[in-house]
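Q: As you go down the protein sequences, you meet chains A and B in turn. Counted the way our numbering counts, the first sequence spans residues 1 to 451. Counted the way our numbering counts, the second sequence spans residues 1 to 489.
Among the hints, a few may not be true.
Derived contacts from chain B toward chain A, CB cut-off under 8 Å, selection only [said to hold, decoys possible]:
1. Val55
2. Gly130
3. Gly238
4. His277
5. Arg342
Since the hints were derived computationally from the structure, they do not count as laboratory data. Computed from a predicted structure; not experimentally measured. Where is the CB? At the ideal position from N, CA and C, for every residue including glycine.
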Amino acid sequence: MPYIPHTPDDVQVMLDAIGVARIEDLFDEIPAHLKAGALEKLPDGLTEMEVTALMSARARQDEGAVCFIGAGAYEHHIPAAVWEVATRGEYYTAYTPYQAEASQGTLQTIYEYQSMIAHLTGMDVSNASVYDGASGLAEAVLMALRANRKSKTNRVLMPTAVHPLYRRATRDIVTNQGVTIEEVPFCNERGVTSVDALAQYAGEDYAALVIAQPNFFGCLEDVDALTDWAHANNMLVIAVVNPTSLALLKPPGEWGENGVDIVVGEGQPLGVPLSSGGPYFGFMCCKQQHVRQMPGRIIGRTVDMDGKPGFALTLQAREQHIRRSKATSNICTNQGLAMTAATIYMSLLGADGLASVAGHCHANTNLLAEKLCSINGVTRRFASSTFHEVVIELPQSANLTLKALAAKNILGGYSLAPAYGFDNAMLICATEVRTLDEIEQYAAALAEVLA
Amino acid sequence: MNREAQLIFDVSKAGRRAFSQAPKPVADDKLSDLPAGLRRQSKPMLPEVSELQVVRHYTNLSSKNFAIDKQFYPLGSCTMKYNPRGANRAAMLPGFLKRHPLAPESHSQGYLACLFELQEFLKEVTGMKGVSLTPMAGAQGEFAGVAMIRAYHEARNDHARTEILVPEAAHGTNPATAVMCGYKVREVPVNNNGDVDLEALKAACGPQTAGLMMTNPSTCGVFERQIEAIAKAVHESGGLLYYDGANLNAILGKVRPGDMGFDVIHMNLHKTFATPHGGGGPGAGPVGVSERLKPFLPTPIVGQDGDSYRWLSDADLPQTIGHLSAFMGNAGVLLRAYYYARALGREGMLRVGEYSSLAANYMLKRLQQVGYTAAYPERRASHEFIITLAKESKAFDVSAMDVAKRLLDYNQHAPTTYFPLLVPECLLIEPTETETKEALDEFIDAMAKILEEARENPELVKGAPYSQPVRRLDDVRAARELNLVWKPA
Numbered sequence: 001m002p003y004i005p006h007t008p009d010d011v012q013v014m015l016d017a018i019g020v021a022r023i024e025d026l027f028d029e030i031p032a033h034l035k036a037g038a039l040e041k042l043p044d045g046l047t048e049m050e051v052t053a054l055m056s057a058r059a060r061q062d063e064g065a066v067c068f069i070g071a072g073a074y075e076h077h078i079p080a081a082v083w084e085v086a087t088r089g090e091y092y093t094a095y096t097p098y099q100a101e102a103s104q105g106t107l108q109t110i111y112e113y114q115s116m117i118a119h120l121t122g123m124d125v126s127n128a129s130v131y132d133g134a135s136g137l138a139e140a141v142l143m144a145l146r147a148n149r150k151s152k153t154n155r156v157l158m159p160t161a162v163h164p165l166y167r168r169a170t171r172d173i174v175t176n177q178g179v180t181i182e183e184v185p186f187c188n189e190r191g192v193t194s195v196d197a198l199a200q201y202a203g204e205d206y207a208a209l210v211i212a213q214p215n216f217f218g219c220l221e222d223v224d225a226l227t228d229w230a231h232a233n234n235m236l237v238i239a240v241v242n243p244t245s246l247a248l249l250k251p252p253g254e255w256g257e258n259g260v261d262i263v264v265g266e267g268q269p270l271g272v273p274l275s276s277g278g279p280y281f282g283f284m285c286c287k288q289q290h291v292r293q294m295p296g297r298i299i300g301r302t303v304d305m306d307g308k309p310g311f312a313l314t315l316q317a318r319e320q321h322i323r324r325s326k327a328t329s330n331i332c333t334n335q336g337l338a339m340t341a342a343t344i345y346m347s348l349l350g351a352d353g354l355a356s357v358a359g360h361c362h363a364n365t366n367l368l369a370e371k372l373c374s375i376n377g378v379t380r381r382f383a384s385s386t387f388h389e390v391v392i393e394l395p396q397s398a399n400l401t402l403k404a405l406a407a408k409n410i411l412g413g414y415s416l417a418p419a420y421g422f423d424n425a426m427l428i429c430a431t432e433v434r435t436l437d438e439i440e441q442y443a444a445a446l447a448e449v450l451a
Numbered sequence: 001m002n003r004e005a006q007l008i009f010d011v012s013k014a015g016r017r018a019f020s021q022a023p024k025p026v027a028d029d030k031l032s033d034l035p036a037g038l039r040r041q042s043k044p045m046l047p048e049v050s051e052l053q054v055v056r057h058y059t060n061l062s063s064k065n066f067a068i069d070k071q072f073y074p075l076g077s078c079t080m081k082y083n084p085r086g087a088n089r090a091a092m093l094p095g096f097l098k099r100h101p102l103a104p105e106s107h108s109q110g111y112l113a114c115l116f117e118l119q120e121f122l123k124e125v126t127g128m129k130g131v132s133l134t135p136m137a138g139a140q141g142e143f144a145g146v147a148m149i150r151a152y153h154e155a156r157n158d159h160a161r162t163e164i165l166v167p168e169a170a171h172g173t174n175p176a177t178a179v180m181c182g183y184k185v186r187e188v189p190v191n192n193n194g195d196v197d198l199e200a201l202k203a204a205c206g207p208q209t210a211g212l213m214m215t216n217p218s219t220c221g222v223f224e225r226q227i228e229a230i231a232k233a234v235h236e237s238g239g240l241l242y243y244d245g246a247n248l249n250a251i252l253g254k255v256r257p258g259d260m261g262f263d264v265i266h267m268n269l270h271k272t273f274a275t276p277h278g279g280g281g282p283g284a285g286p287v288g289v290s291e292r293l294k295p296f297l298p299t300p301i302v303g304q305d306g307d308s309y310r311w312l313s314d315a316d317l318p319q320t321i322g323h324l325s326a327f328m329g330n331a332g333v334l335l336r337a338y339y340y341a342r343a344l345g346r347e348g349m350l351r352v353g354e355y356s357s358l359a360a361n362y363m364l365k366r367l368q369q370v371g372y373t374a375a376y377p378e379r380r381a382s383h384e385f386i387i388t389l390a391k392e393s394k395a396f397d398v399s400a401m402d403v404a405k406r407l408l409d410y411n412q413h414a415p416t417t418y419f420p421l422l423v424p425e426c427l428l429i430e431p432t433e434t435e436t437k438e439a440l441d442e443f444i445d446a447m448a449k450i451l452e453e454a455r456e457n458p459e460l461v462k463g464a465p466y467s468q469p470v471r472r473l474d475d476v477r478a479a480r481e482l483n484l485v486w487k488p489a
C-alpha cells in the first residue's frame, strides 16, 4: 500500500485494541446511503518509476523554447545551493512554527528574511511574506484603508501602468469589501504616470496611491514627485517594486521627502524558478507606525526563560486564529519554502552580486531592444528610461507575431493587445541568462517573421 | 555573542563574496542611461559571506526544526503525513521549472495535461461538478468559495443575504474569510457530543443567510451526523453550504462532500494530497463546486479541446469571480499533488480515510487506557481526536501547553493545542495513515510518562522543554520590544 506502513498483524492488533472487527466499523456514524462508491473515474495507482516516467514525458513536452517573456516572472540564474538547502527535509516537511522551541530554524530564517527584505526596500519592517505579488497588492490596499486614519472613504488611486494582472487580482480580491479603485491613465508618449494626470484628484479623499517602479511597461516613474504629491494630498503610498531592480534603483523607503508607507512586490526573481507561476511569494514591508495593520505572519527576536536569544511569532493579535472575524486578513500561512530559498539567494549574492544581476538584465534588455529596433518598422513604444523590460511597437499584430515566433521556439514577449488594446505592441525582456547568441537568434527570427 | 543564535549577518565581513554565484559585474557605461536621481545611493545591507558559510548556516538552522522527515508530527487538523520525495523530484523537472507562466499553450501541453487530469481526479474524489485549482492556500480557497456564494446570490438579485453562519468550533479563517467577502458572521453553538446544535442552527437560518461554512468531520474530530438535516435547513432558507476541506483526509474514499449536499468546498492539497508544508507554506487550496456555482469558479481553469488543452478565458466564464493571483496559483504544489494522486490511484485513495481513521481510533483508545480523558468518549474518532487536560490542570496545575512542551523532550512534535476553543485544555491529535504502529506506540508511551511526571513532579513538566535549542520564549517581550529586523550594532 503506497505510503501506508501497516502489516496485516499491525492492523489486527489495532482493531483489537479499538474493539471493532473491521476498519469499516470505524465509519458506522456515517449514514450508509452517503457512503462513496468505488471512485471509478480514478486510474490505477502507479509505482514511483511509472509516475516519474509519465511526468518526465510531460515536462519534456514543454521544453526547448528560449524565453523573452517577463511581465512579472523572470528567468534568473539560481545558484545550486539555493534549492539543495531549501528542500532539506527539515525545511521542506516542517509546518508553521507554532511550537517555537522546536522551530527555531524556520523562525530565525524568517527573521533574517525580514531583515534582508527591509534593507533591500529601505523600510522599517517586513512580514514573513504573502502568497504572491498580485495578492500582496490587494492586501496592501486593504491595509492602507485601515492605516490611513485621515481618509474617510474606501477609495484608492491605481495607475493603469501597474501590471494588468495585479490590478485584476486586486480588484477581484477587494471588491466585496466595497472598495473603489480609481484608475489613473498613463502618458501615452512616455509610458509613465505623470503628476499632471493626478492633478484632477488633488484635495480629494483617497486612502492611497499605488506606484509601480519599474511600471508594467518597464518604464521608470518619477517616484519622488509621485510620492510627495500623494503625501501632500493625505494619501499613503503603496510601492510595487521588482526586488532585483532595488540593487540599482532608489529603495521605496527613500522616495520623496518621507519615503513610502507600504511596499509590496513579487519575490520570485530572488531565487525562485519560473515554475509555471508558482509557488512564488509576495514580499510586504511598511513603516514601523503601520506594523499593527500589516497582515500575515511576523517573527520577532526575543529571549527564552534563561535569557538566551531566540525567535517567536509575534503581534499575533492581528491574526485570524486569535481575532477571528476582526483579523487584518484571513491569511494564515506564508510562502515559507519560497521565502527560505530567497533568503539563501540573497545571502549568496549579497548587494554586489544582486547589482551584477540587475546590471546584466538592464544591459541585455537594452541590447535586445536595440537589435529588434534595427529591424524595419520596429520601434520603442515609449520614450522613457527602462529597467529590464521594454515595450516595442511592431508593424503588424503582436499576437500573430508571437505565434509565428513560438513556432520557431522563441517566446518573444507578452502582447499588450488584450490588456491595453495596443494591437501591435509587446513587452520584451532579456535577463542575465539570455546569451548574445540567443538575442541575435531572436532578432533574426523576428526579421524573418516580419519580412 | 551566543553562537547558537548567530545570524547570517554576524558572520558577514566587508568585501567577502560568493563570487561564482553571481555574474561578473557589468561595465558602468551600460548603466549610464539610468537617471541618477532614480539610482540607489547606498548598498542594501545584505550579508557578505562565502558559499560555504551560507550552506553551513542554513543547514545548521534547518537542523533546529522538528519536521516530518525527523519526527512524528501529530498536529491536529494539519495532516502531517509523509511528503513523497518522488513528488518533489517530478515537480522540479526542468520542463516544469522553466515554463514561464505566460508561455503560449503550444508550449504548455504537458503541464496543462497534468492540471486537467488533477481537476478531474479532484472532482471524482469529492463528488463536485467543477474544480478550479488556482487558490494558493486553504484560506484563499475559503475566500474563493465564499466569494462564489456571494456572486451566486447577487446574480439572482438576492441582495438581502448579509450573513454567513459558522459553528463556534470553526477555524479562525472561516469568520475572517466571511468578513473579507463583505459578510457579517453569526456563530452557531455546538452541543456536548461535538455535533452542531441543530435547533439553534434552524433558528439562525433565514432570508439573511448567505450560507453556512463547516468542516466535516468537524474540528471536534467527529463526523457531523446530522449533516443532511443541516444541509436541508440551510438550503430551505435559500443559503448555500460551504465545506472547509481541512479534514478531508478523514473521509477520502469513504464519503464525498458533494454527496453530503455541499455546494462549494475547498481542499488543502498540502494536507490531503501530501504536498509539503514547507515551514508554513506554500500550500494549495483548490475549490470544487456543485452545478449551480460552476459559472462563478475562479480562473484560470484548464479546458480540453479534443486532444489538446487550453486555458479557459473570461469568454468561457463571463461570471467568474476572477483571478486571485497574478498567474496560476501555486503551480508547483499542484504538480506534487498530481504525482500523489497518480501514485495512489483509485485503490490507494480509498485507503487514506480508512487507515488515518484506524490510527486515530487506536491512539484514542490507548491514550484513554493510560489515563487521558477523551473530549467525546462516546464518539468514534475521525482521523483525529481531542483529549482534554481539564482534570490534570486542576489537580496538578499542569496545562495542555505544558504537556505539549514536554512532548518535545521526548522527541515527539506536539499536537495542536487549545483548538477548538470550546474544549478546555485540549490537545487535538492527528496521526495520519503514514505512521507505523511503533511510532504511534512511542508517542503513547511518552504521553503515559508525562502523565506520571505531572502527578509526581509537576514542576518538571511546567519547565519543559529542556532538550531544544531554546526554552520557552518570552512572547510578551517579543510583542512589547519589537525586534523584527536586524540592524548593525
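Q: Hints first: check each against the structure and report whether it holds.
A: Status of the hints after comparison with the structure:
Because the closest C-beta pair between Val55(B) and chain A is about 5 Å apart, less than 8 Å, the hint holds. Checking Gly130(B) against chain A: minimum C-beta separation of about 15 Å lies over 8 Å; hint violated. Because the closest C-beta pair between Gly238(B) and chain A is about 19 Å apart, greater than 8 Å, the hint is violated. For His277(B), the suggested interface contact is upheld, since its CB lies about 4 Å from the closest CB of chain A, less than 8 Å.
This hint holds: Arg342(B) has a C-beta 5 Å from the nearest C-beta of chain A, less than the 8 Å allowed.
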